[in-house]
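Using this note's numbering, read the sequence shown as starting at 1 and increasing by one per residue.
FYI, nobody ran anything at the bench for these hints, they're computed from the structure. Please read all numbers here as calculations on a predicted model, not as lab measurements. Keep in mind that a hint or two might mislead.
What the hints assert, rightly or not - Across the chosen pairs, the derived CB separations fall in these ranges:
(1) Glu199 x Gly81: 38 to 48 Å
(2) Glu199 x Phe23: 15 to 25 Å
(3) Pro77 x Asp97: 48 to 58 Å
(4) Arg98 x Gly185: 28 to 38 Å
(5) Leu200 x Gly32: 21 to 31 Å
(6) Gly236 x Glu127: 41 to 51 Å
(7) Pro77 x Trp24: 17 to 27 Å
(8) Arg70 x Phe192: 16 to 26 Å
(9) Ile111 x Gly205: 25 to 35 Å
We put the CB at the ideal spot given by N, CA and C, even for glycine.
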Amino acid sequence: MKRILTAVVLIPIVLLLVLRAPFWLITVVSAGVACLTAWEYLGIADTSDARPPRVLTLLSIATLFFCAFRNADLIGPAIGGLALILFIFCAFRSPLDRVLRDTATAVFGLIYIGFTLTTIPLLSAQENGPSLLLLLLLVVWSGDIAALYVGKSLGRRKLAPRLSPNKTWEGAIASVAGGLLVTAGLVAFAAFLARRGIELVAYPGSLLHWLLLALILNVAAQVGDLAESAIKRGAGVKDSGTLLPGHGGILDRIDALLLAAPALWYAQLVQQWF
1 MKRILTAVVL IPIVLLLVLR APFWLITVVS AGVACLTAWE YLGIADTSDA RPPRVLTLLS
61 IATLFFCAFR NADLIGPAIG GLALILFIFC AFRSPLDRVL RDTATAVFGL IYIGFTLTTI
121 PLLSAQENGP SLLLLLLLVV WSGDIAALYV GKSLGRRKLA PRLSPNKTWE GAIASVAGGL
181 LVTAGLVAFA AFLARRGIEL VAYPGSLLHW LLLALILNVA AQVGDLAESA IKRGAGVKDS
241 GTLLPGHGGI LDRIDALLLA APALWYAQLV QQWF
């Protein structure tokens with residue numbers, strides 16, 4: 001019940017932000033989510049005998065979002081500069097036998113959480129930004145739901161037992177199918193609205209293009225889920241936190257987005273190049 005209530009409260013808020021919020025608000029909210037997620041990640045790191053600088057790591061992540069807001073071209077140079085700052089700080093603060101471990105943990109968090117989530121406001125700033133973000137969220141959510149229920153009822157073959165014993169091939173296939181079906185429905189719904197002069201969302205081009213994009217997003221999302229499981233299992237923890245009743249921590253809920261969002265961003269860049 002807690003899981004359902006949390007979803008009922010959060011999903012409408014997220015959809016409203018995606019479809020109606022200005023760029024600055026999406027950037028601020030994304031930065032807040034990133035910092036909360038990073039706090040959970042750093043807590044997991046503590047159980048693995050690493051002590052990266054929490055405050056400096058969070059400030060570094062916030063800096064990336066400031067760069068995303070001001071000029072996206074600054075993000076790359078900022079990552080390099082912030083990584084060096086984190087290294088220098090760890091070199092002088094951490095015990096010598098932990099300098100490399102603390103630095104690596106902090107820099108990885110900067111990229112794994114900070115950089116990946118900056119692609120959310122970057123996507124929102126695109127000409128078709130709200131539609132892209134809506135597609136991203138619906139593909140991730142529908143795939144997660146399909147994998148959960150089909151995997152529980154029909155799952156037999158383990159997908160990656162070392163990382164996540166409950167994940168099955170049947171669930172993974174259902175996740176792909178769910179994402180593709182929702183994408184087809186979303187494109188059809190957008191066309192239906194367009195015929196009536198309602199420009200809420202738009203998906204120009206062929207259906208095949210959007211289905212291929214949905215496939216890429218779904219695979220990235222599933223890999224992201226498994227990758228986060230590897231981090232938790234390596235640290236010996238079940239959930240990243242307790243902030244979301246019935247769901248665990250924020251990292252547990254957005255692990256799929258951490259790879260799916262940059263996958264969509266890079267797909268858009270490739271499309272612009274060609």
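Hint by hint, here is what the structure shows:
Separated by about 41 Å at the C-beta atoms, Glu199 and Gly81 satisfy the suggested range of 38 to 48 Å. The hinted window of 15 to 25 Å between Glu199 and Phe23 holds, with their beta carbons roughly 18 Å apart. At about 31 Å, the CB distance of Pro77 to Asp97 disagrees with the hint of 48 to 58 Å. Separation of Arg98 from Gly185 is about 51 Å and departs from the stated range, judged on CB atoms against 28 to 38 Å.
For Leu200 and Gly32, the Cβ-Cβ distance of about 26 Å falls inside the hinted range of 21 to 31 Å, so the restraint holds. Evaluation of the 41 to 51 Å hint for Gly236 and Glu127 yields a pass: the beta carbon distance comes to about 46 Å. Taken as a hint, the range 17 to 27 Å holds for the pair Pro77 and Trp24, whose Cβ atoms sit roughly 22 Å apart. Taking the beta carbon of each, Arg70 and Phe192 are about 38 Å apart, not inside 16 to 26 Å as hinted.
At about 31 Å, the CB distance of Ile111 to Gly205 agrees with the hint of 25 to 35 Å.
Checked against the numbered hints listed earlier, the structure breaks hints 3, 4, 8; every other hint is satisfied.
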